[in-house]
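Residue numbers (this note's numbering), protein chains in the order written: chain H, 173 to 461; chain W, -5 to 422.
Don't read these hints as lab results, they were simulated from the structure.
Possibly wrong hints are sitting among the right ones.
Said to hold, decoys possible - Listed next, the in silico SDA-like pairs over lysine to any residue satisfying Cα-Cα at most 20 Å (straight line):
1) K394/H with A3/W
2) K412/H with A379/H
3) K412/H with A3/W
4) K394/H with R7/W
5) K412/H with E4/W
6) K412/H with L377/H
As the list claims (entries may be wrong) - Residues of chain H clear of chain W, computed beta-carbon distances all greater than 10 Å:
7) L189
8) R361
9) V364
Where is the CB? At the ideal position from N, CA and C, for every residue including glycine.
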Amino acid sequence: MRGSRASTAAAEIAPALVRRLYDRAGAARWGLAEADFEASLRRSLAHRFREAPPSEREAEEYLGGLHLADLALAGACARGSEPAWEHFVHDFRPALLAAASAAGPGAGRELADSLYADLFGTEERDGVRRSLFDYFHGRCSLNGWLRAVLAQRAVDRARASRRLEPLPEPGTPGEPSVPAQPPEVDRSRRLVAVRAALAAALQQLPARDRLRLSLYYARELKLAAVGRVLGESEATVSRKLARCRTGLRQEVERRLRERHGMNDTQVADAFELARTDPAFDLARALPPE
Amino acid sequence: MARDRDRDAEMDRLLRAAMSDGPAGSADACPAADELSAYVEQTLARPEREALEPHLASCERCQQALAMMATMPEPAAIPANAPARTPSWWLAGWRRWLVPATALASAAIIYVALKPAAVLQPNLSPDSIVATAPAESPTPPEAPGTSQLLPGKAVPSAAQLAEAASPRAKREEGNEEEKEAVNETPRVLARTRDKAVADRPEAKLEAAPFRADEAEAGQSATLAPVPQLAAAPVAAPPSQPPPSAEPEAMAEAQAHTAQPRAAGGALGVRPTRLKAGEAAAPRVAAPTGSKAAADAALAAPEQVVSTARGEGSQAAIVKGAGARPLLWRLDPGARIFGSADAGRTWQLQYTGAGRLVAGSSPSPEVCWVVGGRGLVLRTTDGRTWHAVPFPERLDLVAVLADSDRRATVHASDGRRFTTDDGGATWRE
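Same shape as in the complex, but just chain H (with noise of 0.2 Å):
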């Protein structure tokens, strides 16, 4: 579904259809022509239906499940709607402020007058202004869509300057120390064992679980900002964490025994060398989908 640009001819819809959605998007309060909201929303129902266009039926609910008033609203200031602007300055700033300060405060500066721009549209195609609100096609709150562009673009900002920095000079100070011995061969049989099983059971577990596992120990969020991801509760959160690592746990022994040969506790001190081997990292074990 993603990574695909194709997007095949939107279904037709309805001329009272448009009518209904531009009613309740309020697009009239903005000067949105009809013809215009039409546009957004044939180009939502594209982009959200690329493989297959979608049936009279899915298409309306689809239609009918969107953010309309936002995608009115993005649609007029796309196209330079003076009190849509206005409005969007008004009640969409200090949000957006808010959220680009947590890139940090120089960054979050930028980032926020990058998207500003880009959101006024700074470039031509065709001779025809180009906004980002082109972009928002109204699946998720416009407050919302702002968050996750500036997430993104801080992220992929972050990872940018991490490539440039230089790799340390072998010998300098950050660089693991390299032991001076050879690591006994029974260890490091160990410390494989228990990576290869703790990596084939994460790799077991459904995508959300491990999802779950990521946000909370490789994100560290707090057990709240994992629910504010995953639409749970902070206690619902709390107990699947504790039911993945009773689940892994068990599995992990399970093949340590089976497929090692180990006792318990070979098993227990399996565990407790991973956990202090500053060498042992799952995320190089687990393999990109």
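Dock chain W against the given chain H, drawing on the hints supplied.
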């Protein structure tokens, strides 16, 4: 059983060590921002969500974006027009023409601020200041009592400032209907005094008593918190030329008004002087005012304009409801002055400790005011103020009152508290 718990704890530590770097990455393309946001907002259909989750579970980039989104402040927790979160860079184009507009608001505020307790009797009618003072006149008429104290340097008149500052303001001068609509809307007018003006002793000559209708002639000045002033503006040496002496800024301001529409109104915009290097900010065309926007802004619940924090002193004007509204001025020194004659005269109504930041008046004689460290004040007769107990010593930055019983205050940490019983109890 205990052994199982120990093992689970061991697994927790193991996962913490093993997953510290997150997943290595994903081979397929990341979802667009709207899909990511729809996922967080739980508006994706189940098949879509389930199709997306394998990617999210294995993509470091998406997880980082999700994590950042999860730590962003919730929009509902952010009061609209919170000036403390209004960096000057927001509308690069606006500030150019709002800089001189600042002078008009500042001149009005300074006059009031410098003589807060006294009964002020200006010898200029506000109309003459705004509309009829000759633009060529280098020196405006002086207020009695000040001309002897201050050197009679030639400074631009208020009319010159107004004219130079804002073509939009000038356009709207004649729009009496709009002024009336604005006047009838209860709201809070935030005012600060411009350091550029305050630092000049002669600028005090420009000071005129604050009048709501005068300020509303320049809408940008009315609705926009303007830059900070020094706490003690009196007798400070001239440090900067007056705002109107910035031909570049003015030229740009005028040029911007002719450009295509790009951004919204002056609501909450915080005009500041251009600094070196700021030209790199995105250049967008400055918007022009519209009656609909003004009405919408003034009628919006975000009538509460809190003042900026942590940058010195600042005075705010709270306008009461009704056709002949009372005005309250919140001084930095935790003093409240009231005026029943559109700012011609002011009476000290309250003095105390702390910092007053913002107010809201839901009905003619009712006003709520909030400030630092949980300070909440309320008047129900327009004259006497009573402290309202507040459960936490939070810095309060905004208030929106619905009645003398019901009000919602916004704390600096984004939390909101509401009372329905005049402050006896608060709920978050």
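Structure-based check of all given hints:
1. K394/H with A3/W: 18 Å, holds
2. K412/H with A379/H: Answer holds: K412/H to A379/H is near 13 Å, not above 20 Å.
3. K412/H with A3/W: 15 Å, holds
4. K394/H with R7/W: 16 Å, holds
5. K412/H with E4/W: Holds - the C-alpha atoms of E4/W and K412/H are around 17 Å apart, at most 20 Å.
6. K412/H with L377/H: 12 Å, holds
7. L189: Fine: 19 Å to the nearest Cβ keeps L189/H off the interface.
8. R361: Non-interface label on R361/H holds, nearest chain W Cβ at 17 Å vs cutoff 10 Å.
9. V364: 13 Å, holds
This entry satisfies every hint, going by the numbered hints stated previously.
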